[in-house]
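Hints given; two lone chains; assemble the complex.
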Amino acid sequence: MEIFEIVTYFILLALLSTAIRVVTTSNVIHAAISLVFTLALTAILFLILSTEFVALVLVLVYIGAVIVLFLFGIMITRAPLGKNAELDNDKNKKLGAAISGAIFLLFSYILINGFNGNVTITSGSSTELLGEILLTRFIFPFELVSFVLLAALIGGITLARKDEALIDEDQV
Amino acid sequence: MTEVLIKVGFLAIAALNGAIIFTIMDVKGASWMQRRPGPLHVGLRGFIFPLAEILKFVQKEDIIPTEVDRPVFKWAPAYVMVSCVALFAVVPMSPTLVVADLELGVFFALAISSLGTIGVLTAGWSSANKYSLMGGLRAAGQLIAYELPLILAVVGVVIQAETMSLVGIVEKQIEWGVPFVVGGQIVGFLIFMVAATAEMMRVPFDMPIGESELTMGFMTEYSGIRFLIFYISEYMNMFILCAIASTLFLGGYHVPLLPTEWVNFYGPVVLLTKTAILGFILVAIRWSQPRFREDQLQNLAWKILIPASLVNILVTAVMKVGF
Numbered sequence: 000m001e002i003f004e005i006v007t008y009f010i011l012l013a014l015l016s017t018a019i020r021v022v023t024t025s026n027v028i029h030a031a032i033s034l035v036f037t038l039a040l041t042a043i044l045f046l047i048l049s050t051e052f053v054a055l056v057l058v059l060v061y062i063g064a065v066i067v068l069f070l071f072g073i074m075i076t077r078a079p080l081g082k083n084a085e086l087d088n089d090k091n092k093k094l095g096a097a098i099s100g101a102i103f104l105l106f107s108y109i110l111i112n113g114f115n116g117n118v119t120i121t122s123g124s125s126t127e128l129l130g131e132i133l134l135t136r137f138i139f140p141f142e143l144v145s146f147v148l149l150a151a152l153i154g155g156i157t158l159a160r161k162d163e164a165l166i167d168e169d170q171v
Numbered sequence: 000m001t002e003v004l005i006k007v008g009f010l011a012i013a014a015l016n017g018a019i020i021f022t023i024m025d026v027k028g029a030s031w032m033q034r035r036p037g038p039l040h041v042g043l044r045g046f047i048f049p050l051a052e053i054l055k056f057v058q059k060e061d062i063i064p065t066e067v068d069r070p071v072f073k074w075a076p077a078y079v080m081v082s083c084v085a086l087f088a089v090v091p092m093s094p095t096l097v098v099a100d101l102e103l104g105v106f107f108a109l110a111i112s113s114l115g116t117i118g119v120l121t122a123g124w125s126s127a128n129k130y131s132l133m134g135g136l137r138a139a140g141q142l143i144a145y146e147l148p149l150i151l152a153v154v155g156v157v158i159q160a161e162t163m164s165l166v167g168i169v170e171k172q173i174e175w176g177v178p179f180v181v182g183g184q185i186v187g188f189l190i191f192m193v194a195a196t197a198e199m200m201r202v203p204f205d206m207p208i209g210e211s212e213l214t215m216g217f218m219t220e221y222s223g224i225r226f227l228i229f230y231i232s233e234y235m236n237m238f239i240l241c242a243i244a245s246t247l248f249l250g251g252y253h254v255p256l257l258p259t260e261w262v263n264f265y266g267p268v269v270l271l272t273k274t275a276i277l278g279f280i281l282v283a284i285r286w287s288q289p290r291f292r293e294d295q296l297q298n299l300a301w302k303i304l305i306p307a308s309l310v311n312i313l314v315t316a317v318m319k320v321g322f
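Going line by line, the protein sequences match chains A and B.
According to numbering that gives the first Met the number 0, the residues represented by the first sequence are 0 to 171, in order.
According to numbering that gives the first Met the number 0, the residues represented by the second sequence are 0 to 322, in order.
Isolated chain B (complex conformation) (with noise of 0.2 Å):
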């Protein structure tokens, strides 16, 4: 009883720091690219940002319209952030430091990433504003094309490594001595990110957000603490799937030379450093891309990444029977 609370309180820390880093780095990064003197000065360089932004949003009310559905408006933004902390539970820092090695974690970590999408859905509808409908159509539209190039660039890795186990992957790459992605993953795994970009709703593909034309699409209606929530669930997203595209692609908590022996010590700086490398990319595209229009945007799910990480499951296919 006691290890199970141990781990569920490891996991609400674990997900709200990698919610605080990637803001802070989100924020620094806007400010660093377009000059916003704010979060680069302000305030011990700009690092207590976060949670002064964290005080004014707890602070503010908690606004319910009146012609809202209120249980739905209400319980949509726990879906989102129930999701994205239980995808903390697989991704392993060290073989020991996982909170559960499961035997399908990559199968895990998909099906529970899938679960947000009705959070979405429900708070664009439940809002009862035209602005938040459409917002929540967006999503919705969004979520379901790009959920399947996420799976299916996964199903590569999971071929190469013969197994769904996070840990399991690593290990395979450890054995290997390179990474996935120098190891013939490198299709599966641009396909994953430019999807997991998607999954985030990230620039340049935020319709279903997009204030310049929606106000705040989904989350329109929503003030105070609900708005916090979703606002933090978006970060500790983009932090776990950007932890997941290190763990299936990049060796995760090892890199290639260092002895496996002391991996438990340096295991979660690795992990992090490369989670972090990918969500400065992230950032990098975000304050330099435009938006994509709604039928380029499915068009490049259902016409170029879907077959492209069909392809990719055929060739590795033939390739692990090859040779």
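So that you can see chain A by itself, here it is in the shape it has in the complex (with noise of 0.2 Å):
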């Protein structure tokens, strides 16, 4: 065996520990800094198949603004400090392992059979490929993704903000 394949091997279990323990800690910002190492690991898992734009668009948007306003939003709304009993919900264990097995699997169908089991790994650098083929053959979906994130955020500043103006307008 390759000391390549070892080591991604590792990373595998260290990726598949620190995803669990998103899930079983029942502190919130626990949970968030373990997100942050399960991404890295998984951006790293990335660069490993040299798709090193995947990767560090994994680092810049995920943990470099994703994660940071998960805590943000802890932060500023409450942050109990240590552990949050609510966090911890027997109710529900047995759908959520339900419908995780469920994807599990739906996942591993799709992944099996669309590559026919075969592993593809292109050398050399995929960035410039990739940047040309989304702005071309591409250029409709992309921008049509863009539009809808623009609706998104404009959406939530609509909902969000109290505009006084606004308010008595409606209510006349």
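Source of the hints: derived by calculation from the structure; they are not laboratory data.
Some hints here could point you the wrong way.
Claimed, not checked - Ranges of calculated distance between the beta carbons of each label pair, as one might list FRET restraints:
1) LYS6/B <-> ALA64/A: 26 to 34 Å
2) ILE5/A <-> VAL41/B: 37 to 45 Å
3) GLY223/B <-> PHE103/A: 19 to 27 Å
4) VAL22/A <-> VAL181/B: 48 to 56 Å
5) LEU43/B <-> LEU48/A: 47 to 55 Å
6) ASN16/B <-> THR157/A: 46 to 54 Å
7) VAL310/B <-> THR157/A: 20 to 28 Å
8) VAL65/A <-> PRO64/B: 26 to 34 Å
9) LEU128/A <-> VAL3/B: 26 to 34 Å
10) LYS93/A <-> LEU96/B: 53 to 61 Å
11) SER145/A <-> TRP261/B: 55 to 63 Å
Predicted model only: the values in this text are computed from it and were never measured.
Even glycine gets a Cβ: it sits at the ideal position worked out from N, Cα and C.
Pasting the structure below:
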């Protein structure tokens, strides 16, 4: 077995343990930090598959922005230091296990059938290729996604803001 | 394997030296501008001052308050330091004197620099102290707001250079004959420097630390070696952001008219000089300007810098296609 493969299995093991910790810990901040490690290890896996763009997007967008917003949200609303009993929800454990099992089966089926069991690794950089394809062949879906995101952004602001003038107008 | 170890060792040494150079510059700048005799005259004209400072912090007790969230509190400085040291890997001192010439160098730098935010936030939260929490909240708001103009300002350079590799960007500037700051990215450079100052959390953007109102912000409960890590990281971050700005906008390791065959010899000196000049401007601003108010800070980011950088991208793209 190559040393590369051994390293990959160790990373997968660490990934699994941090991912389990995200859902089992009853401390919100600990869960968020475990999620940071989960995402960082996933980024390393993507690097090993020589898709550096996806790896860096994972770091920039998910760790740098999404997790920071999670932490910001937790801190700004209520930040109990230590364990939070509400997070130990025993009622939904069976349902959760069933749903995650179903998702696991579905993903495995798609991944195995989609690639017919072959592992395709292209050598060299894929970033330039990705950029070209995104802005030529997939330009329409790409722009559509950005439009949907913009709409969601504006919708979020409209729902959240308390504009006195607007409220008065609605009541009239 | 040996090569990797040498590179990691080089990274650690470069990062520490960068931090120490900028600490000396900051302290001596302050004493020069405010007539403080200590760092100017005591001990080899004040140059061993930072060493004394480090020895002092190493000797101090590393106090961990009883109410804190121990693992989070203990590891928070590490996130900040790792993100700062990793940035040193991509900045080239010459085409060959670079730890890793990544094809996505700029992107890597921006992605890794956003990791430090997590350290600051968790430090603020886990300290179980209201001042720390306020500092953490302020830091989060500030770092999120100023990361956007920082990234958008770089996009202009990437469009003009047609590459994301930092070596490639410098080579493009050599090919052009003038650095990008003269060749059309002056607005981008100003936005980058303002946003970078805010990312470093230095005056006039130091509300998250704010000695006079929040004691030390998210660092209030830290002492001894962990405080030292935060302290060094601040200067490392300052050094590396100045070095990245020199590379992106000021021509990096090359100045016009110097022969490119000799770049391996004068490259590091040129880059250090440019970095030090930018650093000196930051020091001068720090010791002569007051602090922004929180709402002024957010307004500056969202209402001025982000629209300006979007316009900058548009103009650069139009010029690129048009000419």
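Verification of the hints:
A hinted range of 26 to 34 Å for the beta carbons of LYS6/B and ALA64/A is consistent with their spacing of about 29 Å. At about 55 Å, the CB distance of ILE5/A to VAL41/B disagrees with the hint of 37 to 45 Å. Restraint check, GLY223/B to PHE103/A: a C-beta distance of roughly 46 Å breaks the suggested window 19 to 27 Å. Restraint check, VAL22/A to VAL181/B: a C-beta distance of roughly 54 Å satisfies the suggested window 48 to 56 Å.
The hinted window of 47 to 55 Å between LEU43/B and LEU48/A holds, with their beta carbons roughly 53 Å apart. Range check, ASN16/B to THR157/A: about 51 Å between beta-carbon atoms, so the 46 to 54 Å window is met. Between VAL310/B and THR157/A the beta carbon distance is about 25 Å. The supplied range of 20 to 28 Å therefore holds. Under the hint 26 to 34 Å, the C-beta atoms of VAL65/A and PRO64/B, about 30 Å apart, fit the expected range.
A beta carbon spacing of about 29 Å between LEU128/A and VAL3/B agrees with the range 26 to 34 Å that was offered as a hint. Between LYS93/A and LEU96/B the Cβ separation comes to about 60 Å, which falls inside the hinted range of 53 to 61 Å. The supplied range of 55 to 63 Å is broken by SER145/A and TRP261/B, whose beta-carbon atoms lie about 47 Å from each other.
Going down the numbered hints, you'll see the structure goes against 2, 3 and 11, while the others check out.
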